[in-house]
Each structure stands twice: as C-alpha cells, then as structure tokens.
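Asker: Turn these sequences into a full structure, and let the hints guide you.
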Amino acid sequence: MKKRNLLLVMGMLLLMVPSTLFASGNSEKPQQVSICTPYLSSVTTKQMVEDIEAKLVNNGFTVVVNDSANDNSRLVTDIETSVVSGSSAIIIVSVDPKICETQINEAADAGVVVFGCDAGYIDSMQMNASSDNYQMGEMISTYLFDKMGKEGTFVHLTHRPHPGVVQRSYAMEDVLKDYPNITLISEHHVDVPNQINNSKEIVENLLTTYPEKGSIDAILCAWDEPAIGATQALQEAGRDEVLVVGVDGNEQAIKLIEEGTNFKATLAQDFLGMAELVATDVTKVLNGESVEKGEKYVPALLIE
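Okay, so the sequence shown: first residue is 0 according to numbering that gives the first Met the number 0, each after it adds one.
Hints in this document: simulated from the structure, not taken from any laboratory. Heads up, the beta-carbon is just placed ideally off N, CA and C, and yes, glycines get one too.
With a straight-line cut-off of 25 Å between C-alpha atoms, the simulated SDA-like cross-links for lysine to any residue are:
#, residue 1, residue 2
1, Lys-254, Glu-49
2, Lys-254, Asp-145
3, Lys-212, Ile-195
4, Lys-254, Met-147
5, Lys-263, Pro-179
6, Lys-212, Gly-259
7, Lys-295, Asp-131
8, Lys-149, Val-174
9, Lys-54, Ser-40
10, Lys-176, Arg-159
11, Lys-254, Val-42
12, Lys-176, Glu-186
13, Lys-146, Thr-260
14, Lys-54, Ser-289
15, Lys-254, Ile-302
16, Lys-295, Tyr-133
17, Lys-295, Tyr-120
18, Lys-45, Leu-300
19, Lys-97, Glu-79
Pairwise CB distance ranges (calculated):
#, residue 1, residue 2, range
20, Lys-295, Glu-27, 25 to 33 Å
21, Glu-100, Glu-27, 32 to 40 Å
22, Ile-253, Glu-203, 22 to 30 Å
23, Ser-185, Ser-40, 24 to 32 Å
24, Asp-108, Lys-149, 47 to 55 Å
25, Thr-182, Leu-301, 21 to 29 Å
26, Lys-295, His-188, 27 to 35 Å
27, Glu-257, Gly-148, 22 to 30 Å
28, Val-290, Glu-258, 38 to 46 Å
29, Lys-254, Asp-177, 29 to 37 Å
Answerer: What follows is the structure, encoded as structure tokens:
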C-alpha cells in the first residue's frame, strides 16, 4: 500500500515537472536583436554588421540580420517586422533615421530599444556610434584643396541619402568657401550597390567631356569605393595628374595609396570600434544597466 502511494505521489510530481521547466525556459530564452541595413553590399557596412552580430551572439543574444538592398520601403518593413517578431532591440546600420523615423518612434513606444551604428541619431533612439562625419568632410576637403595648391577644379562623387556621407558633402561645401580659386565643376550621385563600377563609368564619361590634361585637377569622393572606381578610370585613361581622395580606409583604398596611384589619401574610420561600442551598449541596456544616450564618436585617422 505504501509502495502504491509512493508511486502515485511520484507520478503527480512528474506531471508537474514539464510545466515548471516550460515556465523556466520562457524566462531564460535569449533576447532577440534585429540588425537592419540597406547597404550590406558595402564592405565596411558588412564588416560592422558581422562584428556586431558576433559580439552579441557571444554575449548570449539571438541576432537576426535584415538587408533591404538599398530599398527604403523594405527597410521600413524590416523594422516593423522586427518589432512584431519580438525583438528586444533594433540596430540600424548606415541608415538615416529620418527615413524610418515613424517606425523608430513606434518601436520605442513598444519598448524596443533602437541603436545606430554609422547612422544618424534622433531622440527616440538610445544611441548612435559613428565617426564625426562633418569633421571628416572638413579634414579630407582641406587636405585635397591644399594639395591642389589652393587653386584649380574638382569633381565631387557622393551619395547624399547616406547620413554620414551627406555630412561630409555639407562640410566640403563649407570648406570650399575658404578657397575662392577652387571651382567645383560638378557633383555626381553614386549608385549603391555597384558603387565602384558606377563611379568608374561616371569618371570615364567625365574624361570624355574633359579630355585635356589640366581640365580636371581632382576628384573628391565621399567614401572609398567611388575613389577606387575613379582611380581605375583615370589609370586606364593615362590621366595620372588628377588627384583622388576618399574616406573610410578600406584595404583596397590603402593598397592603391601605397602603390602611388592617383588615390592620394583617405581617412580611416574605426568601424570595429563603432561595432564594439554599439555591441557593448546593447548588451548593457538589455541587461538592465544604465547607459548614456546620444551620439558617440570614434576618432578617424588620415592615411596618405
């Protein structure tokens, strides 16, 4: 009889165990973090995304990466889906938050914390880690204009939808005011993705319009991929007198500088430093720690 009662009690306990384990499993389920970007085709953006993902996974989070492939409507949908799917945090990478401000505000209202990496910042976000893009625009523009001897003509290759790139272009416009003997011939929008090939085509067409040596003195590129494409076009055309500068400090750019090509200088952004800063802040916030909000800058270095 005692044995029968013991078996009955054990059976009841076993029936209780699964529900207890299930409840515990829910509370210990890893928090999900969504990364949203339209520029995964960019070497530097991909580098940041992969580094953030690796660090967060190592810190115990589940990470979902969304690439909208330069489609802003799809980017908006990715952010909305991230909220509905139960993400605790969203990281926008190389995104102007004004493009998706409504969705960021809605995410914040739903309790989802939004971070930026190499993006812009709005009040409903926790933070954004980037270089001081305006300052970099000043640095590279001043370098180029001085290298030109403070006179001559140049072309600007840019992509103003990008929040960091447009700040560099704004800075160029402001610096140019201090160089009255330098003239901006034209500005050209570079397609993303395919930015190297598109930039090469743009410069090839420019060289057809300006075939004489000395008709273009320099090409100021707002980031490295256009500078790489411009350099390729100039080398193939034998126009070694045209100066080229960029921003980012990617490996191919540095190699072209070291080889003594038209590519004369770039600013090396610390993308891994940005990724590290974002991953650290995400981890702290989702673990309940207090973290300062706002823009956080990582220094850049001139390479020539």
